[in-house]
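K.L.:
Following the hints, complete the assembly by docking chain C onto the known chain L.
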Amino acid sequence: MASLNPEKSREKRKLTGFRASVESRRHARRWVRAEQKVVLVVLVLATLVSVLATVGIIYTLLKESYGFFQVVPVWDFITGTKWAPLFEPQAFGVLPLIAGTLLAAGLAGIVALTLGLGAAIYLSEYAPDRVRRIIKPVLEVLAGIPTVVYGFFALSFVTPLLQSFLPIPVIFNVLSAGIVMGLMIMPMVSTLSEDAMVAVPRELRDAAYALGATRFEVATKVVVPAALPGIVAAFILALSRAIGETLIVTIAAGATPNLTLNPLESIQTMTAYIVQVSLGETPQGTLVFKTIFAVGLLLFLMTLIMNIVGRWVVRRYTERY
Amino acid sequence: MEREQPPLGSARVTSPIAASVTRPRYSGPTPPAGSSSTRSAWRRWRDRFFFVLFFASVVIGILALAALVIDVMTDGLGSLDFSFINSYPSRHAEESGIRAALFGTIWITVGTAAFAIPIGVGTAIFLEEFAPDHWAVRLVQLNIANLAGVPSIIYGILGLALFVQAFALDRSVLAGSLTMTLLVLPIVIIVSQEAIKAVPGEFRDAAFALGANRWQVVKTVVLPQAIPGIMSGIILALSRAVGEAAPMLMISSLVFLTFIPSSPGDRFTVLPVQIFNWVSLPQPGFQAVASAGIIILLAVLLSLNSIAIWIRNRYQTRY
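Top line first, the protein sequences correspond to chains L and C. Residue 262 in the working numbering is what sits at position 249 of the first sequence, and the numbering runs on without skipping anything. Residue 87 in the working numbering is what sits at position 58 of the second sequence, and the numbering runs on without skipping anything.
Everything labelled a hint here was simulated from the structure, so no lab data went into it. Hints are supplied without guarantee of correctness; some may be wrong.
Unchecked claim - With beta-carbon atoms standing in for the labels, derived distance ranges:
hint, chain 1, residue 1, chain 2, residue 2, range
1, C, Lys-226, L, Val-57, 44 to 52 Å
2, L, Glu-294, C, Asn-175, 51 to 59 Å
3, L, Leu-61, C, Tyr-344, 25 to 33 Å
4, L, Glu-153, C, Met-102, 20 to 28 Å
5, L, Glu-216, C, Pro-161, 36 to 44 Å
6, L, Val-57, C, Leu-239, 21 to 29 Å
7, L, Glu-216, C, Lys-226, 45 to 53 Å
Don't be surprised by glycine CBs; every beta carbon is placed ideally from N, CA and C.
Extracted from the complex, chain L is given alone in its bound form (with noise of 0.2 Å):
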C-alpha cells in the first residue's frame, strides 16, 4: 500500500521548527483541500460526458427524423410495405426492413439459444472444472471476433456449404448471415445462462437427486426453471446485439428490401440500410440521407426497449437464495 505521502512536510517541520511546521501544515491541509474540489469539478465533468453523448444521440436522431417526418407521415413510414428510397417512384415503407432485420435476427436466436443453452447446461451441470476452464475462454473467443470477419466467414464459407443442399438462388440469403451471426451471439447467451445456473443452490440439486433424479431431470427440471430469468435475460440481450448488428448483414444477407419469411432469400435490415446511404454518393441534407435517422431512431428504440426489458426480467424475476 502506497504511503500518504507525510514524508515532505515531516522533513520541513525538522529544519524549521514548531511554529513554521504549524504554518506550512496550515499552508499544506488548505492546498489538499483546494486540490480535492478541483479533481471533484474533473470527475463531474467526466461523468457529464455519458450524459451528452445520449442527449446527442437521442438529439441527432429526433432532429433528423422530424425534418423526414414532415414529408414522409409518420403512419405511412411504420405500416408501408414497399421501401424503395434510392429509386423512382420513391417508397418509404418501413416494415420491408423491419421483416429483415427480424427475420436475421430471428434465425440468429435460434442458432444461440439451441446452442448457448446446450452449451451452458452441459458447462454448468456436466463439465467436470479442468474442462468447463478450458472451453469456457474458448467459446468467448467466438464474441472476441470483429463482425467483418464474420462477414467475411458467411460468405466465403457457409453460403457455399448451404447451396451445396439448398435451393439458395442468389449468393445472399438470410439464412447464412442469421446462422454466423447465432455463433456471434452465442456465448452471450452461453455466458449470462450459466452464470445464472451456477447461482442455483447445490441444495436444490442435491435434493433433486435425493430423489433419484438423472442429472438431465435435474437440469431440465431443477436448475433451468431456477434460472430462466437470467436465460430469458440473456436471450433478449443476446436478441438486441442481433437487431443492431451491421457487418455481418450487410456482408452475407444483400441488399434487396424484401418483405419475406424465406430465409433463402436476399433481405436488407435496418443496418444494412443505413451503411448503403452512407457509402454512396446521397447528399447530406437531402429527403434520401434523413432516411437513415429515421431507420435508426427506429433501430435506436427497439434495442433500448429490449435492453430495457432484458435487465427488467433480471430484477424482477430473479429469485434470492
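P.N.:
Same frame as chain L, but now just chain C:
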C-alpha cells in the same frame, strides 16, 4: 416436479396404483434400487442422449471457430508477406497492401485511448468514490448501462452528424477517434467501476483513519490497487474499437487511401473498413487479399488480448 407418462413396456397398465400393488415392476418416479425396470433404463438412456446433445452444442461452437480460422488461413496465407503489410491498396489484387489501414488503426486506437481513458476512469472514480446515493446519480448509472447496449451503427450516425458535420471536423482521424471514444466509453466506465469496487473497504477505512481526505484516499490507495484491473479492461475495450467496423464505415468511407495520416486532421481508413471494401469487391483475387487482412487484424487483436490477460494474471491480487 411433474410426472411423465410411463414409456413403452408399461403401456398395458391402466391404473398406476393397481400396477404398484399387483406387479413387481414399479413405474413411479423413484425406481427401487436394484430393479432394472424399463422406465429407469429409459431415463438413463435419455440422460445419456441429452448429455451427448449438450456436449454437441459446445463442440459445434468450437468447430465453427476452427472452420473460421482454417477458412481465413487457407484463403489468406498465400497473399501474406512483407510487401502486403507495406503496400497501399491498389486496383490490382496482387499489389494491394494494408499499410494505410494499419497506420489508420494505430492512429484511431491511440486517439480513442487518449480521450476514453481519462473520461472513462474519471467517471468511474466519481460514481464509485464520490457520488452520493441520489436519483440523478442512479439515472447516470442506468444511462451508462443503456449506452453500452446501443448498436454501434448508431454511434456512426451520431459521429457523422455531430463530429463530421456540426463540428466541421470532416472525415478526419479526430472525428473517428471521438466517435470511437463515445462507443467504448460505457465499457471503459463499467470495467473501471468493477476494478475500483474490488478494492476492499478496509483499505479506504485505514487511509481515512490516518486523516486523508477522499481524493487522497483515491489517489494513494484505491487507484494504485485498481490500476491493473482498469488497464486490462481498457485494453479489452480498445480491442473492441480495433475490430469495430460499422461506425468507421460511416466516418472514413474511403476505399483507396494511398497515404498514412500525419496529423489528427487527416483522412484515414482502418483495418476492418479496408477488409470490408475488399470483401465487397467482386473480382476473385480480392478474397485472398481480404483474408490476408483478416489474419493481420486477428493477430493484432490476439496480441492485445494476450497483453490484457497477462496484466490481469501478473498483477491481480486476491483479498
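K.L.:
Each hint: holds or not?
P.N.:
The hints, checked one at a time:
For Lys-226(C) and Val-57(L), the Cβ-Cβ distance of about 20 Å falls outside the hinted range of 44 to 52 Å, so the restraint is violated. In this structure the supplied range 51 to 59 Å is violated for Glu-294(L) paired with Asn-175(C), their Cβ-Cβ distance being about 34 Å. Leu-61(L) and Tyr-344(C) have their C-beta atoms about 31 Å apart, which keeps the hinted 25 to 33 Å range intact. At roughly 21 Å, the beta carbons of Glu-153(L) and Met-102(C) sit within the given window of 20 to 28 Å.
Taking the beta carbon of each, Glu-216(L) and Pro-161(C) are about 39 Å apart, inside 36 to 44 Å as hinted. Taken as a hint, the range 21 to 29 Å holds for the pair Val-57(L) and Leu-239(C), whose Cβ atoms sit roughly 26 Å apart. Range check, Glu-216(L) to Lys-226(C): Cβ separation about 29 Å, and the 45 to 53 Å hint is violated.
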